[in-house]
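Which chain is which? The protein sequence lines are L and X, in order.
Quick note: the first sequence uses the working numbering, first residue 1, plus one each step.
Quick note: the second sequence uses the working numbering, first residue 1, plus one each step.
No lab work stands behind these hints: they were computed from the structure.
Where hints are given, some of them may not hold.
You can't tell identical chains apart in this list, so a pair holds if it fits in one copy or across any two.
In silico lysine to aspartate or glutamate, EDC-like type, Cα no more than 16 Å apart, as pairs [said to hold, decoys possible]: (1) Lys194 - Glu174; (2) Lys3 - Glu99; (3) Lys17 - Asp53; (4) Lys187 - Glu226; (5) Lys279 - Asp167; (6) Lys91 - Glu173; (7) Lys187 - Glu94; (8) Lys107 - Glu274.
All values derive from a computational prediction rather than experimental measurement.
There are 2 protein chains.
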Amino acid sequence: MDKTILVVGSVALDSVKTIHGSTNHALGGSAVHFSLSASHFSPVKMVGCVGEDFPPQFRKFLKRRNICQQGIEVMPGKTFHWVGRYDRDYKNAETIATELNVFQQFKPKLNGDHARCGVLFLANIDPDLQRGVLEQMGKPRLVACDTMNYWISLKKQSLLKLLKKVDMLFVNEEEARQLTGEYNLIKAARLIMKMGPKGIIVKRGDAGAMLFFKDNVLSVPAHPIEKVVDPTGAGDTFAGGFMGYLAAAPDWKNFDVIRRAMSYGTVMSSFSVEDFSVKRVGGISKKEICARYGKYVDALHIK
Amino acid sequence: MDKTILVVGSVALDSVKTIHGSTNHALGGSAVHFSLSASHFSPVKMVGCVGEDFPPQFRKFLKRRNICQQGIEVMPGKTFHWVGRYDRDYKNAETIATELNVFQQFKPKLNGDHARCGVLFLANIDPDLQRGVLEQMGKPRLVACDTMNYWISLKKQSLLKLLKKVDMLFVNEEEARQLTGEYNLIKAARLIMKMGPKGIIVKRGDAGAMLFFKDNVLSVPAHPIEKVVDPTGAGDTFAGGFMGYLAAAPDWKNFDVIRRAMSYGTVMSSFSVEDFSVKRVGGISKKEICARYGKYVDALHIK
């Protein structure tokens with residue numbers, strides 16, 4: 001059983017402002033947040049693209065977590081740059097600028113090692129590209145994907161074709177509603193399952209996350225954090241913890257395994273918001289993860 | 001140890017419209033929702049007021065749950081009537097009319113039986129009246145109160161005097177922030193504790209609830225409900241389940257007991273939203289409560 005996760009998504013430079021400070025061209029992007037989080041549980045290979053300006057120290061940062069960067073293509077031009085701002089409530093990111101740069105030309109190309117990975121995570125990119133990746137893969141035993149409101153509006157048919165072939169879908173509340181036209185999340189999840197996925201994870205920010213898997217429904221709270229510094233990438237970090245744990249498990253379809261994966265996802269995302277960019281998740285120790293996981297799980301064990 | 005809970009609050013007639021239908025002068029009010037919920041766990045005595053129009057069948061409905069109504073004063077005029085509407089997302093109630101009627105003259109008067117109750121719940125009324133009730137009490141071993149944005153704005157000093165004397169405070173997120181000027185809920189709860197209460201329960205609607213008790217922080221999810229019909233009174237129903245369970249426990253300050261109380265509060269409020277008015281909570285069986293509690297607690301026991 002191959003435990004390696006292939007992740008395909010964005011590698012970005014983020015300039016973010018929150019009430020606790022700001023960053024300028026810090027390491028970001030969905031594939032990056034996911035990979036750093038997942039790397040604490042399973043081997044990770046990234047597929048993405050950067051411009052010639054991508055700083056070597058960010059390469060080193062990813063390397064320290066043993067993330068395979070062979071699939072990161074260097075293209076002429078600049079790296080994807082996102083400029084955003086969060087209000088005090090951190091509920092919505094205000095995008096000030098999105099400079100797609102080389103990311104506009106991104107067309108994921110997999111090599112033989114990539115295609116043989118046992119687990120695939122398709123981070124939020126154009127569903128046509130996501131499908132292109134899936135076609136290049138061998139026979140992964142677990143395929144998950146993320147998406148966003150933009151693709152649900154503009155490329156719904158393409159997304160629906162993709163969903164037929166994925167095991168797990170990550171969405172937020174609004175996306176679940178937009179995709180189905182159903183307001184209630186239980187009903188929405190049931191409708192999404194009819195589109196293909198066996199499992200739906202609804203990310204709810206500080207309200208935690210919900211999991212729908214076959215007939216099971218599980219709602220878990222967020223781990224309360226006293227100082228939220230930067231929520232950028234929290235969703236991808238959640239997905240990284242979740243998928244990283246599942247990839248390492250002998251049977252990812254076991255519901256006890258999936259419940260633990262939800263808890264690891266929650267714990268990893270709680271770390272991610274404690275500092276800007278990927279500082280916290282990139283530098284964290286296994287011991288810190290286990291300690292918070294234990295605390296989280298124990299608190300919910302109502303005796 | 002006396003397990004009887006005295007609750008002081010509103011008895012109302014509610015006319016509510018939601019996407020699933022409407023009610024016209026249905027049984028409502030904070031003291032009613034609280035009492036019906038708490039009555040499944042402990043004996044309850046109500047103090048409140050109604051007008052001459054208060055329907056006898058509502059008296060019977062409360063009597064069926066063995067709720068003592070001696071403290072419900074009948075005053076000349078009409079019963080408090082609230083007219084409201086919820087949007088599809090059920091997040092905010094839109095008040096169409098508030099006819100206070102006899103409730104404007106409400107001045108809670110306790111008899112000897114009331115004053116001897118071991119547990120007191122001060123539902124959301126004017127903090128001056130809440131303090132007046134507390135002064136009439138003997139020595140209750142547990143005092144909890146609820147409040148609202150209106151009193152925090154208009155009678156903060158009076159509320160602060162009250163908080164010095166209560167063990168547990170129920171608030172929602174906005175109220176916690178308004179009371180302290182602190183956005184983060186952990187920090188806000190810590191500031192509120194300095195005002196007097198040992199414990200703070202932050203009700204978060206479909207995001208569940210948070211508990212702060214001494215050094216402990218616990219966040220619990222809501223029990224997912226497939227068809228939310230009417231959220232009116234869900235907060236008071238939560239408080240009823242929570243306080244009802246604590247009142248029956250030998251040591252309410254034990255954190256395991258408090259965690260179970262949070263779960264019973266969650267479960268009771270999940271029932272309350274499944275039908276209009278108090279239909280569901282008033283008619284529910286102990287067996288149904290235990291079944292859902294078991295399901296809720298088991299799902300959160302991550303193994």
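So, going through the hints one by one against the coordinates:
1. Proximity of lysine 194 to glutamate 174 under the C-alpha cut-off of 16 Å is found in neither arrangement, the shortest distances being 18 Å within a copy and 38 Å between copies.
2. Taking identical chains as interchangeable, the C-alpha atoms of lysine 3 and glutamate 99 are never at most 16 Å apart, the minima being 34 Å within one chain and 64 Å between chains.
3. Within a single copy, lysine 17 and aspartate 53 get their C-alpha atoms no closer than 22 Å, and across copies no closer than 58 Å, so neither meets the 16 Å cut-off.
4. For the homomeric pair lysine 187 and glutamate 226, the shortest alpha-carbon distance between copies (7 Å) is at most 16 Å, but the shortest distance inside one copy (33 Å) is not.
5. Within a single copy, lysine 279 and aspartate 167 get their C-alpha atoms no closer than 31 Å, and across copies no closer than 40 Å, so neither meets the 16 Å cut-off.
6. Taking identical chains as interchangeable, the C-alpha atoms of lysine 91 and glutamate 173 lie at most 16 Å apart whether they share a chain (13 Å) or sit on different chains (14 Å).
7. Taking the shortest Cα distances, lysine 187 and glutamate 94 never come within 16 Å of each other, neither inside one copy (30 Å) nor across copies (25 Å).
8. For a Cα distance limit of 16 Å, the shortest separation of lysine 107 from glutamate 274 qualifies neither inside one copy, at 33 Å, nor across copies, at 49 Å.
Going through the hint list in order, the structure does not satisfy hints 1, 2, 3, 5, 7 and 8.
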